[in-house]
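Novice: Each chain, written out:
There are 2 protein chains.
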Amino acid sequence: MIAIVIVTPKPVVNDPQGVTVKQGLASLGFSEVSDVRIGKYIELKLEESSEHAARERVEAMCRQLLANHVIEDFRFDIVRDGRR
Amino acid sequence: MIAIVIVTPKPVVNDPQGVTVKQGLASLGFSEVSDVRIGKYIELKLEESSEHAARERVEAMCRQLLANHVIEDFRFDIVRDGRR
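Chains as they are written, first to last, in the working numbering: chain A, 4 to 87; chain B, 4 to 87.
Since the hints were derived computationally from the structure, they do not count as laboratory data.
For glycine and all other residues, C-beta sits at the position ideal for the given N, C-alpha and C.
Hints are supplied without guarantee of correctness; some may be wrong.
To be verified - List of simulated lysine-lysine pairs, DSS-like, C-alpha gap at most 30 Å:
| # | chain 1 | residue 1 | chain 2 | residue 2 |
| --- | --- | --- | --- | --- |
| 1 | A | Lys13 | A | Lys43 |
| 2 | B | Lys43 | A | Lys43 |
| 3 | A | Lys13 | B | Lys48 |
Said to hold, decoys possible - Distance ranges between label pairs, derived from CB positions:
| # | chain 1 | residue 1 | chain 2 | residue 2 | range |
| --- | --- | --- | --- | --- | --- |
| 4 | A | His55 | B | His72 | 31 to 41 Å |
| 5 | B | Gly32 | A | Ala29 | 41 to 51 Å |
| 6 | B | Ser53 | A | Val73 | 37 to 47 Å |
| 7 | A | Gly32 | B | Asp38 | 36 to 46 Å |
| 8 | A | Glu50 | B | Lys48 | 17 to 27 Å |
| 9 | B | Ser30 | A | Ser30 | 35 to 45 Å |
Chain A on its own, in the form it takes in the complex:
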């Protein structure tokens, strides 16, 4: 089973990486980009048979390690096969 986790900075938190990428895009002529936010994409391969159990485990992983809940939000999807 594969879990796709997306961790993003909370909307109120500064995202200097996003600002830098926005400036880089503007200097390449992509001035139509008005905002950039950058987060993490995490793909986990799990040995877990039930989707319900996988969901609980991945939620615990996010809370304990993958996301910093003070400054980041997370969301995830469980998929049965890879889609890389």
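Fit chain B to the given chain A structure using the hints.
Specialist: Chain B only, in chain A's frame:
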């Protein structure tokens, strides 16, 4: 218009960040995780009226700046509203 870009290391490329996260998860008791791959999640806000034009521009951004095509793959979706 919002573009969601996912940049991932190519399957043949080492992902030391993923290995470290896998070890961290194992040491927290999440031993069911057999593989972790980490990529970037990029959300772009675009002043572009047509989805077709947006798609071409975002593809160009990925090729020129957002992804390193030697070691990374990218894919993206265009969505009309935010879904952060």
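Novice: All hints are to be evaluated individually against the structure, with a verdict given for each.
Specialist: Structure-based check of all given hints:
1. Taking the CA atoms of Lys13 of chain A and Lys43 of chain A, the gap is about 12 Å. The hint holds against a cut of 30 Å.
2. Taking the CA atoms of Lys43 of chain B and Lys43 of chain A, the gap is about 5 Å. The hint holds against a cut of 30 Å.
3. The straight-line distance between the Cα atoms of Lys13 of chain A and Lys48 of chain B is roughly 16 Å, inside the 30 Å bound, and the hint therefore holds.
4. At about 39 Å, the CB distance of His55 of chain A to His72 of chain B agrees with the hint of 31 to 41 Å.
5. The hinted range of 41 to 51 Å is satisfied by Gly32 of chain B and Ala29 of chain A, whose Cβ atoms lie roughly 45 Å apart.
6. Taking 37 to 47 Å as the suggested C-beta distance range, the pair Ser53 of chain B and Val73 of chain A conforms, at roughly 39 Å.
7. At about 39 Å, the beta-carbon gap between Gly32 of chain A and Asp38 of chain B stays in the expected band of 36 to 46 Å.
8. Range check, Glu50 of chain A to Lys48 of chain B: Cβ separation about 39 Å, and the 17 to 27 Å hint is violated.
9. A beta carbon spacing of about 42 Å between Ser30 of chain B and Ser30 of chain A agrees with the range 35 to 45 Å that was offered as a hint.
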